[in-house]
Amino acid sequence: MRSLLRTPEVGSLVRDSSLVWLASGIVGVSFGAIAVAGGLPVWVPVVMSLVVYAGSAQFSAVGILLAGGGPLAAAATGLLLNTRTAAYSLAVADVLGRGRAARLLGAHLVTDETVAFALAQSDPARRRIAFWVSGLGLFAVWNAGVLCGALAGSALGDTSTYGLDAAFPAVLVALVLPALRTDAAVRRSALLGAALALAVTPYVPAGVPVLLALAGLALHGKGRTA
Amino acid sequence: MNATVAAILALAVGTYAFRLIGPVLHGRVTLPPRVQELLSAGAIVLLVALLATGALTEAGAFAGWARPAGVLVGAVLAWRRAPFAVVVLGAAGATAVLRWAGVG
Numbered sequence: 001m002r003s004l005l006r007t008p009e010v011g012s013l014v015r016d017s018s019l020v021w022l023a024s025g026i027v028g029v030s031f032g033a034i035a036v037a038g039g040l041p042v043w044v045p046v047v048m049s050l051v052v053y054a055g056s057a058q059f060s061a062v063g064i065l066l067a068g069g070g071p072l073a074a075a076a077t078g079l080l081l082n083t084r085t086a087a088y089s090l091a092v093a094d095v096l097g098r099g100r101a102a103r104l105l106g107a108h109l110v111t112d113e114t115v116a117f118a119l120a121q122s123d124p125a126r127r128r129i130a131f132w133v134s135g136l137g138l139f140a141v142w143n144a145g146v147l148c149g150a151l152a153g154s155a156l157g158d159t160s161t162y163g164l165d166a167a168f169p170a171v172l173v174a175l176v177l178p179a180l181r182t183d184a185a186v187r188r189s190a191l192l193g194a195a196l197a198l199a200v201t202p203y204v205p206a207g208v209p210v211l212l213a214l215a216g217l218a219l220h221g222k223g224r225t226a
Numbered sequence: 227m228n229a230t231v232a233a234i235l236a237l238a239v240g241t242y243a244f245r246l247i248g249p250v251l252h253g254r255v256t257l258p259p260r261v262q263e264l265l266s267a268g269a270i271v272l273l274v275a276l277l278a279t280g281a282l283t284e285a286g287a288f289a290g291w292a293r294p295a296g297v298l299v300g301a302v303l304a305w306r307r308a309p310f311a312v313v314v315l316g317a318a319g320a321t322a323v324l325r326w327a328g329v330g
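For the protein sequence lines, the chains are D and W, in the order given.
Going by my numbering, the first residue of the first sequence is number 1, and it counts up by one from there.
Going by my numbering, the first residue of the second sequence is number 227, and it counts up by one from there.
Isolated chain D (complex conformation):
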């Protein structure tokens, strides 16, 4: 690992990761601030970020807690949103490494950004470094951001003024574009999946649309001579 860390490609991975970290850190600050400004004690967003470590699920769970929806609904919605991490963990299982510790620790670092970042790399060795570099950095920055936001509370004002809500989807666009560019089957599946997800969003609970998007994989084998 140490020799890998000296290679020039790690430098480029850190450079590319750092913008994802910056964006996530700022989203983390707004998560901490929203939770505390809404009336939750500081430890709730801070502990949640450490042990749950999934931005969208945390936002939903805290949103439901603040709206008085109850802890059961908060946990259930968060879990539904996080079912997609099971699919991610299958996709990156061989990226984590072979040791037991690497698997147990790596599993906790499986997030949208880290998986997208790892899968965007061309060869297996680079995927592994990309997963760990982006994953460990993201964990550190996300939790530091949440802590700062929770301590700052409502002093930050409305973070949507800075357009930060557009940053996360844009990060994902940049990360999936290489795969969409080169692979027509993936492109077909992803477009159908996204259309399905958007169509059902008004009618189903949060988390379900993205799962239904997997039906887009029905187009994955079409047009192939198999």
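These are calculated hints, taken from the structure and not from any lab test.
Just so you know, not all the hints are guaranteed correct.
Rough simulated footprint, nothing fancy, chain W against chain D, three-plus residues with beta-carbon under 8 Å [to be verified]: (1) 27-38; (2) 78-87; (3) 100-109; (4) 114-121; (5) 127-136; (6) 175-186.
Glycine is no exception: its CB is placed at the ideal position from the N, C-alpha and C atoms.
Please build the complex by placing chain W on the supplied structure of chain D, with the hints as guidance.
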């Protein structure tokens, strides 16, 4: 506050269990190449659906024009192979400017 602790713990344990599925199965079950291909494709499909719903919707309804417009700016920059920093800052900046100009 006990119920909140229980909710956070349930969410944490459940989420970690989802994340362990891949690493635990890996090496014990040999997946056919076709299934592995579908899993990689499935991850991309999930991410694209997530970015599409994240760009266009908020709490089950349309998110307003400023956010998707900003994401579109980011997508065009990414398509033209702009550096990652430019993509992210371009998207957030475009959305911020639109909001400042009064677009929702």
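Hint-by-hint comparison with the structure:
| no. | hint | verdict |
| --- | --- | --- |
| 1 | 27-38 | violated (count 0) |
| 2 | 78-87 | holds (count 8) |
| 3 | 100-109 | holds (count 5) |
| 4 | 114-121 | holds (count 3) |
| 5 | 127-136 | violated (count 0) |
| 6 | 175-186 | holds (count 8) |
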